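S.K.: Residue-level listing of the chains:
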Amino acid sequence: MGARSGSVLVVGVGGQGVVLSSAVAADAARRCGFDVKQSEVHGMSQRGGVVTSHLRYGDAVHSPLIAAGEADAIVALEWNEALRALPALRPGGTLIVSVERILPPSAFLDRLHGALRYPPIAVDLLRGTVPDVRACDATAVAARAGDRRAMNTVLLGVLSRVMPFSETAWDDAIVANVPPKALGANRAAFAAGRALQADDARRALARLARSDEGGDARRAAASLEIVDAWCKGEMCGICVRSCPEYCLGFDAEATAVRVTRADACTACGLCELLCPDFAIVVHPAVPA
Amino acid sequence: MSSTGESSSSVLLSGNEAIAQGAREAGVGVATGYPGTPSTEILEALVRSDPDRDVYVEWSSNEKVAIDVALGAAIGGTRALVTMKHVGLNVASDTFMTAAYTGVRAGLVVVSADDPGMHSSQNEQDNRFVARFAGVPLLEPSDSAEARDLTVAAFEIAERFDTPVLLRTTTRIAHARALVSVRPARRPDRGGFRRDRPKYVMLPGFARQRRIVLLDRLAALAEYAETSPLQRVELGDLSVGVITSSIAYQYVREALPEASVLKLGLTHPLPARLIRDFCSRVERVLVVEELDPYLEDQIRALGIAVEGKRFFARAGELGPDSVRAGLRLAGAVAETAAPAAQQSPPTTPRPPLLCPGCPHVVPFLALRQLGAVVTGDIGCYTLAASAPLEAMDSCVAMGSSIGMAIGVRRSGGASAPVVAAIGDSTFMHAGIPALVDAVTNGTDLTVLILDNGTTAMTGGQAQPGTGSTIRGDPSTRIDLAALCLALGARSAEVVDPYDVAATHRALEKAVASSGVSVVITDRPCVEAPVKVRDTPFAVVAERCIACQLCMNLGCPSIVWDGGLYEGRRRVRIDASTCTGCAVCAQLCPTEAMVPLTGTAAGDGR
Ligand SMILES: Cc1ncc(C[n+]2csc(CCOP(=O)(O)OP(=O)(O)O)c2C)c(N)n1
Ligand code: SF4
Ligand code: SF4
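In the order they appear, the protein sequences are chains A and B. In the working numbering, each number is its position in the first sequence, counted from 1, plus 10. Each step along the second sequence adds one to the number in the working numbering, with nothing skipped, and position 251 is 241.
Keep in mind the hints are simulated off the structure, nothing from the lab. Keep in mind that the hints are not guaranteed to be accurate.
[Claimed, not checked] Quick look at which bits of chain A chain B covers, simulated, 3 or more residues with Cβ under 8 Å:
no. : segment
1   : 116 to 128
2   : 197 to 206
[What the hints assert, rightly or not] Over the 12 Å line for every Cβ pair with chain A, so calculated as not near, a few chain B residues:
no. : residue
3   : ARG122
4   : GLN221
5   : VAL296
6   : GLU380
7   : MET541
8   : CYS545
[Said to hold, decoys possible] Residues of chain A placed beyond 10 Å of chain B at every Cβ, according to the derived structure:
no. : residue
9   : ARG14
10  : THR139
11  : ARG154
12  : LEU193
13  : ALA272
14  : HIS293
Remember, it's a predicted structure, so these values are computed and weren't measured experimentally. By construction, the Cβ of each residue, glycine as well, lies at the ideal position given by its N, Cα and C atoms.
Take the sequences, apply the hints, and build the full model.
M.R.: And the structure:
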């Protein structure tokens, strides 16, 4: 695509500043005399969900959305969202990504095995399919520039090197869109991002790898021994209410506790710990 | 008329901002609405653009009230705007249908922001049919510039034909930004109320006469639609002609830059002669429209052979890809080898979540533990239906929770306690009549009102319990507990949802009592109107036995990278997002969660 038209997809997680970044880039495009259209979805997705913003510029722009495989650049404020957005990138396009990992609760659903549901952060592997990956730890760069929350603006600085917008246009756009009290940090963050030469992500990658050590222990469900004679049933119910896996219920007369979801028991031992009458013993399974 | 000059300048505006801009340029005097994605920002932009308070703006208690206020204002002689999301028009339609009979005097423009693809909605109804149903003119902009232009035009059409006008946008118009030439705002005209009972009192005798007026007006509008500047014929290659409107037009222009296009801005009533004439000039006619075959079916009824939904989906949003694919299927664009698109490696789904410290979490944890059947409602708290809380069993329309709870009880089908869970704004919107129903018909029922003091789901708009108006002026705060007791509830207990035990006890007591028992959880939303940030908590790693109990809150600040205990995942709290609600600390059996004071054990990364 020539310099007279182009498109950028900005992606991230609600609260990261996707919409503001995209607004700044759109404003910079406008200041360079381009027609501009920009589209994002507000509302539900902003509650910690995925946020994407499409920006298209050129002599005359019709669609506010970028077609699949046609984005010149993707700016990803988070790793998982970078991968999700990949189908939008045109062959030869640029992926700008911060090696930021925001783990959603849906990554922790396999409690029995403790398997973390999150794609490995493998920048080098990604280069096999996307030659132009520009990875950095934008939060660390922003922190050095004065405010870690300006990480989105660090990425705009990186983006500015592949966009045909003048430095003045970028600066004017930042001044016009960023709240005055955050302006200093954002200008510094932009300059730091623009100056980034090679990847600046090694330390962050090492930290993320360390924090993930020891995951994925394969385990099997435990078994419970309940002494009916000591259990007070519904009169107490402490274990039924506190079992994190909702494994327990009562028998038909509600005089004793029964296991209702045997497969889900992780042998955490909370019921044994909390039972005031020592009526439960948890027998962990031998690891499979 | 106080026009303040005619200079124009070009700015980047969202469709919603452009509608506010157009309304200001048209001299709107009263603007009302009820929040709803993707319409909410119209009134917010209007307030921003009007520091001198020339316009009266309000968040109304619901869309029906909003349109009544706007209709009253129009009859009172000033131009009025009313905004809502598509489903809001269902609520407002009682007035809307008959306002088409009375007419308006000063211009009345009703904005319906539809949500194809259901980004933030419970259905994707196509509200173009409502204009046809009511017999009201329908305008459909295709970008921000047209959103401004058509808003100005809508006021003029409304006055020229003495009718409400429906301006219909969609998410991709409302939330897309584009360049718009703007002109200065105009001070509202105040034309004054003029008594006219045969026109405004819809007793059957008068309404019968107005029905004829409505039909005659429609005929005049159909004539206007033929020559209106809002319709555009773009002749090019004559082998294919496309009839289209709204955002679909933009995708068509992108995919078929050479084609002949009939682009309709006024889509009810349709210009039959213009359409016939266009179709006679081209060899083949395709209709490209989002959602239902609204244009296609009407054009076919004119006896013209057109094709449309054969090639384009009826469900979901159109986009540049699906429009190109449909045109390819229709043989209108050449079959090109699609570029080898990147595949996405497996990723983690990221559904919307309740915020760290959200006051809605604890009552739903309690309801889950009580095993209640929970009829739910619409708002942030609807997210309690998903993992890990999984504590809501229905969500249909604003205010439905209470009526549906009555029905579930009366069905005799629920052995567990039945609880209706409803947000404060939703309760004010449509919950009150249903509570009256439960009281007067003697149904035993528990109603949980989640009072967070705001309309959070749509971004934190003021509502009757907030104690302020859309402009931030103080207003009378409605006391929910007193209201419920006045309506005849047996009890109305106010509880702090950050107190886990107290919330549990209050709900347990309520479900065990007879009559209508109300529990009100009282804690502000942590995001709006102010961001609540207390001392964050940290996990003392050695104390964590990895039981996962805290994980059942679904708090996004609690994550799994604290190492292992007996092979299970220990947890860590992300101090940069934790709001310090202390709820997890109350659940933890080993007291591993402690406030992160300067020297505490945990790390916030
Ligand atoms: C008829 C209708 N109008 C508007 C909306 C948009 N909407 C969804 S939830 C909601 C209100 C939420 O407020 P509240 O009940 O206080 O719950 P909260 O989000 O604050 O938890 C609104 C206005 C809708 N879905 N339907
Ligand atoms: S915005 Fe407020 S009500 Fe909505 S999830 Fe967040 S804290 Fe809860
Ligand atoms: S105190 Fe606990 S539950 Fe509350 S926000 Fe922090 S981590 Fe989440």
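S.K.: Are any of the numbered hints broken by this structure? If so, which, sorted upward?
M.R.: 2, 6, 7, 8 and 10
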